[in-house]
Structures are given as structure tokens and as C-alpha cells.
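*Asks:* Between the sequences and the hints, there should be enough to build the whole structure, so can you do that?
Protein chains in written order, with our numbering: chain A, 3 to 515; chain B, 3 to 515.
Hints were generated in silico from the structure; no laboratory data involved. Worth double-checking, as some hints may not be accurate.
A pair counts as met if it fits within one copy or between any two copies, since identical chains are not told apart.
Said to hold, decoys possible - Computed list of lysine-lysine pairs in DSS-like fashion (alpha-carbon distance at most 25 Å, straight line):
1. K205 x K307
2. K205 x K494
3. K302 x K320
4. K195 x K234
5. K57 x K195
6. K107 x K478
Quick caveat: nothing in here was measured; it's all calculated off a predicted structure.
Next come the chains, spelled out residue by residue.
Protein chains: 2
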Amino acid sequence: MTSAGYRFLWLLKMLILIVGLGVVLFMFGSVSLQAEFRSLKPEPPGSPLGVQVLKLLPEERLRNLFTYDGIWLFPKNQCKCETTEEQRSYNFQDAYDQSDLPAVKARRQAEFEHFQRREGLPRPPPLLAQPNLPFGYPVHGVEVMPLHTIPIPGLQFEGPDAPVYEVTLTASLGTLNTLADIPDSVVQGRGQKQLTISTSDRKLLKFILQHVTYTSSGYQHHMVDMVSMESKSSVAKFPVTIRHPVIPRLYDPGPERKLRDLVTIATKTFLRPHKLMIMLQSIREYYPDLTVIVADDSKKPLDIKDSHVEYYTMPFRKGWFAGRNLAISQVTTKYVLWVDDDFFFNDKTKIEVLVDVLEKTELDMVGGSVQRNAFQFKLLLEQSENGDCLHKRTGSFQPLEGFPGCVVTSGVANFFLAHTERLQRVGFDPRLQRVAHSEFFIDGLGSLLVGSCPDVMIGHQSRSPAVDSDLAALEKIYSTYRTNTNAQIQFKLALHYFKNHLECTQEGTQKKH
Amino acid sequence: MTSAGYRFLWLLKMLILIVGLGVVLFMFGSVSLQAEFRSLKPEPPGSPLGVQVLKLLPEERLRNLFTYDGIWLFPKNQCKCETTEEQRSYNFQDAYDQSDLPAVKARRQAEFEHFQRREGLPRPPPLLAQPNLPFGYPVHGVEVMPLHTIPIPGLQFEGPDAPVYEVTLTASLGTLNTLADIPDSVVQGRGQKQLTISTSDRKLLKFILQHVTYTSSGYQHHMVDMVSMESKSSVAKFPVTIRHPVIPRLYDPGPERKLRDLVTIATKTFLRPHKLMIMLQSIREYYPDLTVIVADDSKKPLDIKDSHVEYYTMPFRKGWFAGRNLAISQVTTKYVLWVDDDFFFNDKTKIEVLVDVLEKTELDMVGGSVQRNAFQFKLLLEQSENGDCLHKRTGSFQPLEGFPGCVVTSGVANFFLAHTERLQRVGFDPRLQRVAHSEFFIDGLGSLLVGSCPDVMIGHQSRSPAVDSDLAALEKIYSTYRTNTNAQIQFKLALHYFKNHLECTQEGTQKKH
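*Replies:* Structural data, given as C-alpha cells:
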């Protein structure tokens, strides 16, 4: 070999050595100028103040941060209802005999689990995305109807270049496909639970991913399928929700939007025909043609001569909430106005104002004042495994947007306008035969968004005994049914324990928060 | 300078040149041996078959892929209901006078939009995650109750090393905080809508992120807050759903699980007292103490001497579905068994079997056979902007898991056991006064999961006219009410158009799919 040849070989060896060294130097140089002069060990830069101790805020600090109306609305093992100066509390278990309690608890747990299964609860734990995954995918919001097909948006693969790209998608409650027109050698598993794309063409991979479809198999109402997307050792998961939309139940207000086609008045009466008639007459002074539905569980039926009254009789003393549920079950208009049989309409009883509020907001119902009392109260729920804690406070949550003078709350008086379809969905529990009020709003928790406009008022007939002796006697009988006996109180507490899966309740006045 | 010095300088220049060249060669060399010999232009390797044309499958192929029972269940602009040999179709607009149609459409659109707003629809478009983001975050499943606080799981930052790390989280329907006990110099905006973390300590950043909390401000029932997480120019978004759970409505079956405490029978009668009495007597042969609720809109009330019958009267001819809605509104047990007043119980009418099916599955209701006919039908919905298309097919979707002989379907006969609370939630529309059946199941779409167990049977009383002349006369009057007049048909079609936001329907026999 010539001397130039030897020199070339030597240069080649130097090249390899230098390239190696150059790469190492290059990598460190790219971090920062400062890093070049540091030690080669990858130690994280310390805080200028020294190392920070990692600790959490103590519980008293947390309680101050996340308290509303004196209630700590933060996840905890078991909620509690405490009796203080301002608040009374009831433990619902006290409504049962100690000896019955274990069996009651077991039955309640069994019923609760059955309920949960039908509601698709508990929901699966949150799905967490890992950082630096080479995938694009839909994080939230992909929904498909049972048996339907949808394209999955946003699927991407941005991994490093490779001679061949292999991406696999896997579903469990449905099958996968792609709208791309390509041979089976590139995509396998079309119409199956696992779709595998295998190509060396990056543009083709992108195109296929842009047009992947999901077809839900089987008829179910609410499930969440976790679809996974993998390539080499990287895996991303995203949810596809299988849900059947609830079909609308709309009411035609008619071309003239007459109040008669929009609103039905509903009431229930028992042993108070004289008060009912006064109430009806007062309605007719202001609203001569609105339909009034009357549910009556008195001993003898009435003969009401009013062509716009619909009259229903029930078994004697069947009950207060049974009658309320009956009355609302007969309404054929978009809205229903509830009134008690001992109210009376006056010139402040403006149904049109309440209609306007419901038409223009997302509220399900809006109450007015009875005399001057709006009877507003808030309900706050803490969920726990052994039963939830229900906190009741007077007052409201916040003003109602667009309606100064109106507020958002949880409960109102028995003078309210409601979306018929929403009110029927919750209903009045016919097991509540005598005294009951807040139970309806508790049953409506999570279902009914409630407002209150205290400026819309209805009168309350005098509570003084009737002059007429027959009527006075009837009123006396009636009042015996209004007495909240101990047995009835125990019954209602037990009902809250079992029906609503509650542990206890705490009632008090509004605290500043 | 010496010649060795010059040579050294020349070597240094060569070094820099070679290192540069070596780095370039090294990068290409790391791809594959093959790549070293290729051109230096970064052209993606082509498929051995040549470049693939990017095109989608033609529509006929797509239709074959995503068709169920002859219906193409794939997103489209406007669905259609076609009349073929096997299927009839109805366009619901035909029920209106042409001159009224524009006003009707406008009213329906206004009512539909109001309904959508109250349901939180339409849902926001899917949130898409970008690839290679240096963040970890919860993709799906983080829920918070209104006014409550929750920790946000899975927040991570895995970006490149830096002297200072700055990560900003931003919410809009709630405020952010962290449970980490650290000074305000590190975290700013605690309890505000924007939280900024600024530290050079990577472990501290990790700790703070692990304990970020979200507090929902304001009382609302269903909203989705898009929370963003950013650092330098990288942004990730994830959803936090503000939702109030629906409070449970459970029924205590009692320590002995007596059928009387689990099931109430409900029926409606009109001008058929003789048939009603035969039906009641047949119930008592097999179930002497089950409560039977009877809603009656005949002219004259009956006197039913049965201490377990609850009897309700209604305005004369108020109607079929009004009566059904009334009857179910009075039920106080977990389950309600619906029967028509002209059925009769026999030894195949095993209520216990139906109870077992509902206790062990997620079905909301399960029907049996009347005589030998199960009257099963499926409903498939295609949603479109101008109104949905409803397809009706006989048969079922799939077998019911755990119950051979039972199936999942959409509609059944008027002999079914249902969860009272679920049935009341849907209800029977009192606007349907005369002939109606499938309307109930259509109203239940998306709300009721329906099954059918044809082996549980009830008898149907003979349709031959009564021998007794008075009864025969009554039956004649009754049958006039059962005639589906043209006016009533038009009324029901218009009701589907407006109430259910439907465009058309298509009914046919089951196709193979």
C-alpha cells in the first residue's frame, strides 16, 4: 500500500474516533452552554432556597379552603351530620328498631347495588393519559348509538421514522373498520375487535387512521368502551361511550301561544270543599279558561260545575302525595302550575311571568311566594359508601341570570310552575300519605333545576276556623290528618334511610361562606 | 510555526469538518445499514408496490358494511324512510295542512332548541389530544358535584430538563388549587381560575401536580369544563364534568320478600265492567292479596268489593293513556304489573318469573305473551337535523343473558312487569286518548331497556259479543271508541312529528343482517 493509502486508513480510524467523540460532545452541547461545564451525572438542579420538603396542607387549612355554608365539600370516607347551635341533625337509622337494623342494612345494600347496575354506576375510574405518547386520539366526547357506526376523530401516529409502521387498535364492546379503500395486506381485522395497520407509507397510515370507524355491537343503553391504540411498546387508551339519546317530548304551544294551551293548573283536595271552591273562584277571576285538574280523596265526591275543571276521585284518604302524583299525571300542556286547595289568586299571581322565566332559562321549575314567604331552601349532598349526608340550608345558591329578583335554589313553596315532562319524571311519592314537603325536592335532587321568583305571589286563605258549624266540624277532622304523629315521623325518616340511601340530615340557617 | 504546527492546524480543521460529516453520517447510519447507501434527501421509503392512492371506499361498499336490519346506521345529512315491498313508510309532515307547515316547523324548532338547552345538548365536539405532548392528564372520567371539590388525578409534566419549570392550569367553570403545602412564590393563583406553578425543582413540580384540586363554582346540573394545562408552547386540554348524581329511589322488599310488597297490578277500564270483573276474579285465583289499581273513565263508577283493589274515577272518556298514567302514578311497590282489563290469569301467568328476570338483569321492564303472541318489535333511530327517522321491525335484538328463552327488544305486549320508578319516569302520554300502543315504547326510547319472556303467558278473554243484551249494547258503544278514525290517525302522526321530533317512520318485517 502507498503511504497515502496508510494515511487514508489512519484518517478513517481518526474519523470514527472523532465522530464518536463529536456526537457525545454534540449531545451535551445541545442542552445548554451551562450544562457543558457541569458534571456528567444527570442530577436535577436544586432550588436556590435548598431542597423543598414535600408535604400536604394540614386538614384545618383544607377545611377552610373547600367549605360551603359550613359544609366541607371534599372527598372523605364517611360524611357526618353534626348537631351545633345553629343546626339540628337526624340519623336516619334511629327510625328503625335496633334488632331490625342489620337486616334493613343488608336489604338496602342489595337494592342499592341493583339500582347502581341499572344506572351504569359506579363509573369506571378516570382514564389517565401518559406523557409523550406518539399518538393523537379523542380524549372525550365520542359517542355512538347502540348498533350504529361512527368515524373516530383525531387518530394520529407521530412516532419516529421506521421502515414499517404497525399500529393496532383494539375495542371490546364494538368492532373497528376503516373507510379507506386499501387492500387487506395493509389492514387486517376489518369489522373485528382488533384492527391492525401495517405499512411503510407514512401518508397512507395517516389516511387510514383519519378514517377509522367504530361500530357498537349489541343493544345497550349506557356503556363505555375503552379502545386502545398501540405501536411497538406505546399504548394510548380513549373512551367511546355507547349511549342511546333520550327521545324528546315536546309540546306544541299552538299558533297563538294561548296560556290555556301552555299551562294547566293542578291541585289536590281532602275534606276542604269550601276552601277548594274559594280557590277555584279566585282562579276564574283572572284566568277564566285554564284547565284545572283536581284530585280528591275525600269520602264523598264533589259536583264541580266548571267546564274547565277535570275532577278525579281516589280511595278515601289515599294520601297527599298520591293525589299530587295523580293530578300531574293528567296534564297535557307543556307547563303545570301547582297550587294548594287553600290558596287564592290575586293580582300579583302572574302566571305569565313564571312562564317567561321557564321559557328563557334552563330551569325545570320556578316557585313564587305564598303570601310573602318564598320558602326557599338549599340541599347539599355529601356522598359516602354507608349512606349520604344531606344538608339543608335556607336561602339560595346564586341569582338567576337574566331575571333580577329571581334565584337558583333547591326547594320552594307549593306554588310553582314546572315543565310537565320534568315534573312527571320525578313525581310525588305516593308512599307519603300525610304531612310532606321537602321529600319531593329531595327526590328531585340531581333531576330538577329549581328557581324562585318571590315577586310572583299567591294568597293563602285564612287559617281561622269556619263560621259554619258543619264546615268547622269538617275542618276539625281534617286537622287530625295534618298532625305529624310520631309514627309518621319515624316512617318518613326510615323512608329517607332506605329510599334515598341517606345516612343523616342536618338542617340549619344560612351561613356566610 | 513549525511544519508540525501547520499540520496540527490542518488536522484541527479536518477534525471540525469530519466531526460535522461524521455526525451526519452517524444519524443516517443509525436508521439502518440500508439507509447509509441511499440518497441523502429525506424521502419516505415507498411501498414496494408503488405509491398507494389515497381514496375512500365507495358508498355501496360502506352501505354493506354498516347496515342493520336493512337500515344504514352511519352518519348522514338527512335520513330517509323508504317504502319498499316489505316496508311501509309515513312522512309525519303529511299530517299537517300544507299552509300550516311552515309555522309548525318554526314552533317545533323553537321547542326543540329549548329542550336541547335543558338537556345540555348538543354536546361539545370531541376533544382531541395531540401526539407527543409532555403532559400526563385524565382523559375521561373526572366528575365533580356542583360546589364540591375533587383532586384531579394523573397530572404530570415530563418535558425536557430546564432551569425553571413553569406550568399553568386554567379552568373556566371552577377554581383550581393544590393540597401541597408550599409558599406562594412557587404557586400563584390558588383558588382562582388560573394556577401557575413556577419552580426549578422537578420533584416539587411533580408533587404539586399530583395534588391539584378542582372546585366547581356555581350550582348547575350538567356542564363540562375544558381545563387546559400548558408549559412553554405545549398545551393539553382535558374535561372535568360537573354533574349532580340523581338521588336513588329504592323500595324496601321487606324481611320476607312477599310478592304483595314487591308487585302491584295496574289496569285501566272503560265501558267493560263485566270483562274487568272476570279479569279480577282470575287474578284472585292465583294471587289473593296483590293490590290491584283500577283507573276508570266510564260514565258511572263501579262498586268493587275487594279490599285489595284501589279504585279511581276520571272524567268521562278522558282516555286510554291518561288512565294508564293515572294507574301507575299510584303504585307504592318496586314493581308494577300492567294488564289490560280483558285479559285473564291462568297457570302460566307466573309473576314470580318476571320478578326474577328484573331482579337479576339491568332491564327496566319485561313483557310476556298474550295468548301465544309476544308482540315483540325493535325500534331503530337515525338522528337528523330536520327530524329523526324511526324504523320499526318485528323481533328482537339479542338473547337476554342468563335467561334462555328471553330476549332484548324495544316493544312488547300490554302484559309486562316494570320497575315502577322507571315506568313512571317515562309515563303514558295523556294526549293519547283512544287507540295507542307503540307510542309508549317510542316515548321510552333511550330511557327503557325492554325484554320479553314469551313463556310467561296471560290469556285474552274472548272477543265474541256478550250474550247478555245490555252488555252487548255496551260493547257496541265501546267498540266505537276503538275505531281508529282518520282524524285520530292524523292526530297521532302530528304528535310524532312535533313531540318526538320525528321526520318519518318505516315499518317492516325482520330482515337478516
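*Asks:* Hint compliance check: list the failing hint numbers for this structure, sorted ascending.
*Replies:* 1, 2, 6
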